[in-house]
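Student: Listed below are the residues making up each chain.
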Amino acid sequence: MFNLDQKISEWRRQMLAAGIKTPAPLEELEIHLREEIEPHIKSGLNEAEAFQAAVEKIGQAHLLQKEFKKVEKDHKIIRAITFLGWLAASCISLDCILGLVLNGRFGGIPLKWNPGLIADILGVLLAATAIWFLAKDHKIIRAIMLGIGWLAAGNILLYGVVGWDFDWNFFNFSPKWNRGFIYDMLGILVSLAAIWFLAKASRDKTSRAVSLLVCVLLAAGAVSGLPSEKIPTAEREQALVSKIGPQSTTGQVIGGIVEIQIVRAFSRSEPSPLWFRGGVALLLCVPSVFWVWWTWRDLARKRRVTHGDQLILSN
Amino acid sequence: MLSKELVAASTEPVILSLLSEGESYGYALIQEVKRLSGDKIEWSDGMIYPVLHRMEDEGWIASRWGQAENGRKRKYYSLKKDGKKALERQREQWVTVSGVFKQLWKEQYV
Chain A
1 MFNLDQKISE
11 WRRQMLAAGI
21 KTPAPLEELE
31 IHLREEIEPH
41 IKSGLNEAEA
51 FQAAVEKIGQ
61 AHLLQKEFKK
71 VEKDHKIIRA
81 ITFLGWLAAS
91 CISLDCILGL
101 VLNGRFGGIP
111 LKWNPGLIAD
121 ILGVLLAATA
131 IWFLAKDHKI
141 IRAIMLGIGW
151 LAAGNILLYG
161 VVGWDFDWNF
171 FNFSPKWNRG
181 FIYDMLGILV
191 SLAAIWFLAK
201 ASRDKTSRAV
211 SLLVCVLLAA
221 GAVSGLPSEK
231 IPTAEREQAL
241 VSKIGPQSTT
251 GQVIGGIVEI
261 QIVRAFSRSE
271 PSPLWFRGGV
281 ALLLCVPSVF
291 WVWWTWRDLA
301 RKRRVTHGDQ
311 LILSN
Chain B
1 MLSKELVAAS
11 TEPVILSLLS
21 EGESYGYALI
31 QEVKRLSGDK
41 IEWSDGMIYP
51 VLHRMEDEGW
61 IASRWGQAEN
71 GRKRKYYSLK
81 KDGKKALERQ
91 REQWVTVSGV
101 FKQLWKEQYV
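Protein sequence lines, in the order shown, are assigned to chains A and B. Sequential numbering from 1 applies to the first sequence in our numbering. Sequential numbering from 1 applies to the second sequence in our numbering.
For the record, the hints were derived by calculation from the structure and aren't laboratory data. It cannot be assumed that every hint is accurate.
Computed cross-link-like contacts, DSS-like style, restricted to lysine-lysine with a CA-CA straight-line distance of at most 30 Å [unchecked claim]: (1) 69/A to 106/B; (2) 200/A to 40/B; (3) 84/B to 205/A; (4) 4/B to 34/B; (5) 34/B to 66/A; (6) 34/B to 73/B; (7) 57/A to 7/A; (8) 80/B to 66/A; (9) 200/A to 85/B; (10) 34/B to 205/A; (11) 102/B to 69/A; (12) 80/B to 40/B; (13) 81/B to 7/A; (14) 73/B to 66/A; (15) 102/B to 57/A; (16) 102/B to 73/B; (17) 106/B to 57/A; (18) 81/B to 69/A; (19) 40/B to 84/B.
Cβ-Cβ distance ranges computed for the label pairs, FRET-style [what the hints assert, rightly or not]: (20) 216/A to 37/B: 46 to 54 Å; (21) 5/B to 49/A: 29 to 37 Å; (22) 19/A to 39/B: 42 to 50 Å.
Far from chain A by the CB rule (all over 10 Å, computed), these chain B residues [as the list claims (entries may be wrong)]: (23) 37; (24) 49; (25) 53.
Here the structure is a predicted model, which means the values were calculated and not measured. Note that CB positions come from ideal geometry on N, CA and C, so glycine has one too.
With these hints in hand, go ahead and build the complete structure from the sequences.
Tutor: The structure is reproduced here in structure tokens:
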């Protein structure tokens, strides 16, 4: 005599033996099996035939287990690799960014490209690439990393431009086509390349907002650097001298003299040429152009898809 | 019958689309797909569960145990916010592909 419950119990044991040990999937599969048996019986099959048909339909135990295992394995491996990779890449990235910002780069006068700085930049780029691959399927990490990428790339671009301006244009405009200039240009080009890809990838709201902020700040820097530099006039020096009089205290006299010396030391004979100031401003505006380009492309793509969708639906 | 590859590629968007109409369970999803495709899409019944579990891991769908009218336990799946976004993305892709074929094969139907 065929006993359906007993047969289902045996089938459960087979599933367990094949390796489907997690209770939830097995219970779900058993419920499915029972749901599948019912219509077969209603259509006229006996219990044994209905059971057999349902078992065949649900699939072989080892194939099912293989699929379940794939999900579990993928899930665990991806989580472990992502966590470790993210941790390592974040440490490297943070260290390199700190190195860029704190390690005497902006603190001291000599803003020069040296092996340490290049290693920092390479470290940021390598860590950013690693994070990119690890985070591409994890939205929050991806958004955070894209934001950090924008800040790092904007920082490198600014550093390159400031370094260039410092070497060429600090007291008076005197272009030098030396190794420092090449490093500056390399830094600028690398950061612009990074910004191009970041602009292409920044589609979520968070990274878009950060990227927009970086672009606006750089553009503001471009605008503020565009007017010609002020040249201290004799009137200005005279005004400083006139501040010092017989009634001035010793401190005021010394302060006034120092101020006059500073004005003299930093005085320019003439403003830097427009092409230089314009070039620097254009460079700082390039990220905004990339941002607008990729945002426009994204919006156009969305419009195209929606339009295509409407056409298909209307047909 | 459709090719295995095409069936496999369309499984996720089909499930997401079905769940966008309301929560459902494995058996019902399979029956609905069969009905909608005129029996041309036939999933291997058990295989839908690893897919559902993967989609749950992705955060696209949520599940809960409930009870059917006949008192039987059932695991119901519903679409989450990320699932809606995933559906939107996949829908865009399928609409694009469909649009291309529609234009390429238009002449054959004129």
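Student: For residue 37/B, is the shortest beta carbon distance to chain A beyond 10 Å?
Tutor: holds (16 Å)
Student: Is the straight-line distance between the alpha-carbon of residue 34/B and that of residue 205/A 30 Å or less?
Tutor: The hint is violated at about 39 Å.
Student: Holds or violated: residue 34/B with residue 73/B, Cα cutoff 30 Å?
Tutor: The hint holds at about 23 Å.
Student: Taking the shortest Cβ-to-Cβ distance between residue 53/B and chain A, state whether it exceeds 10 Å.
Tutor: violated (5 Å)
Student: So does residue 5/B sit 29 to 37 Å from residue 49/A, Cβ to Cβ?
Tutor: holds (32 Å)
Student: Taken at face value, is the distance from the CA of residue 66/A to the CA of residue 73/B at most 30 Å?
Tutor: holds (25 Å)
Student: Given the range 42 to 50 Å, decide if the beta-carbon distance of residue 19/A to residue 39/B lies inside it.
Tutor: Because 32 Å falls outside the window, the suggested range is violated.
Student: Hey, residue 200/A versus residue 85/B, does the alpha-carbon distance stay inside 30 Å?
Tutor: holds (19 Å)
Student: Hey, residue 40/B versus residue 84/B, does the alpha-carbon distance stay inside 30 Å?
Tutor: holds (26 Å)
Student: Holds or violated: residue 69/A and residue 106/B, Cα atoms, limit 30 Å.
Tutor: violated (44 Å)
Student: Measure nothing beyond the straight line between the CA atoms of residue 81/B and residue 69/A; if it is 30 Å or shorter, mark the hint as holding.
Tutor: holds (27 Å)
Student: Run the distance test for residue 200/A versus residue 40/B: straight-line Cα separation, threshold 30 Å.
Tutor: violated (40 Å)
Taken one by one, the earlier hints fail for this structure at numbers 1, 2, 10, 11, 13, 15, 16, 17, 22, 24 and 25, listed in ascending order.
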